Amino acid sequence: MLKDISLGQYIPGTSVIHRMDPRLKIVLTLAYIVVLFMAKGPLSYGLVLLTLGLIIVLSRIGVRFVLRSVRPLLFIILFTAVLNMFHVDGDVLWSWWILKITRQGIETAIYMALRIAMLISGTFVLLNYTTSPIMLTDGIEQLLGPLKRIHVPVHELAMMMTIALRFIPTLIEETDKIMSAQKARGADFETGNVIRRAKALIPMLVPLFVSAFRRADELAVAMECRCYRGSEGRTRLRTLKLQGLDYVAIAIAAVLAAGIITLGVVLP
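Its first residue numbered 9, the sequence shown is counted upward by one per residue in this note's numbering.
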């Protein structure tokens, strides 16, 4: 299960999505989230799904890899769907005591599950898999550049966010190694009730925290040895500038967003 968590994992490539400006990908991701929550009805959700499929195809990541990233959150998706199914009023199909299932509740549960799955998949493809940590840092820093006028440490915030994302795969790999080592010594993480499993994970947290602090200290020392001083006097190997491909992406995104919003309003 831990190996299926792909948050913070960058997949190098030369696809259309890889070559897009990171600032544009951040803006398009935010627009994708907003439009996704404005979608209503099967037609608008179908158009969102078609948009997500187009993004996956253009990124050359692969549908199986994207679906694998959703698998660790499958319990949360199903739990949210079930809650919506039992708490929406409408035409009652089944009832028992205080529980009832309505036709509108089933529809809401399906739409909610699709919404969360498409939200995770689209965000991962646009920002996680196709954008390197360095480019993501530069994109966030330049988008938040106006905040520097009110003395907000934009570069430091962007750097911390990117480092946190970058070290998630490393910590997951370290956790897997610690669990394998403790299983070899007789530890049991898979049997028993929830409380027993939670207690079995406590001895694993100590070496994991020690490893995390050690890596943080090594990173700080490496940055100091290279005379890192934040954004002061810092130059960039690549200057971000919108290209023709980015303008085409903006036009296509505008058309798709308009279509999804129109379908959600006209045909709810």
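Keep in mind that a hint or two might mislead.
[Stated by the list, open to error] Okay, derived cross-link-like pairs now, DSSO-like style, lysine-lysine, Cα gap no bigger than 27 Å in a straight line:
1) Lys249 / Lys156
2) Lys249 / Lys185
3) Lys207 / Lys191
4) Lys185 / Lys207
Hint data in this document are derived by calculation from the structure and do not stem from the laboratory. As the structure is a prediction and not an experimental result, all values here were calculated from the model.
- Query: CA of Lys185 to CA of Lys207, is that 27 Å or under?
  - Reply: Distance ~19 Å between Lys185 and Lys207 Cα, so the pair holds.
- Going straight from one Cα to the other, do Lys249 and Lys156 come out at no more than 27 Å? holds, 20 Å
- Take a quick look at whether Lys249 and Lys185 sit within 27 Å of each other, Cα to Cα. violated, 42 Å
- Query: Regarding the pair Lys207 and Lys191, is the alpha-carbon distance no greater than 27 Å?
  - Reply: holds, 15 Å
Checked against the numbered hints listed earlier, the structure breaks hint 2 alone; every other hint is satisfied.
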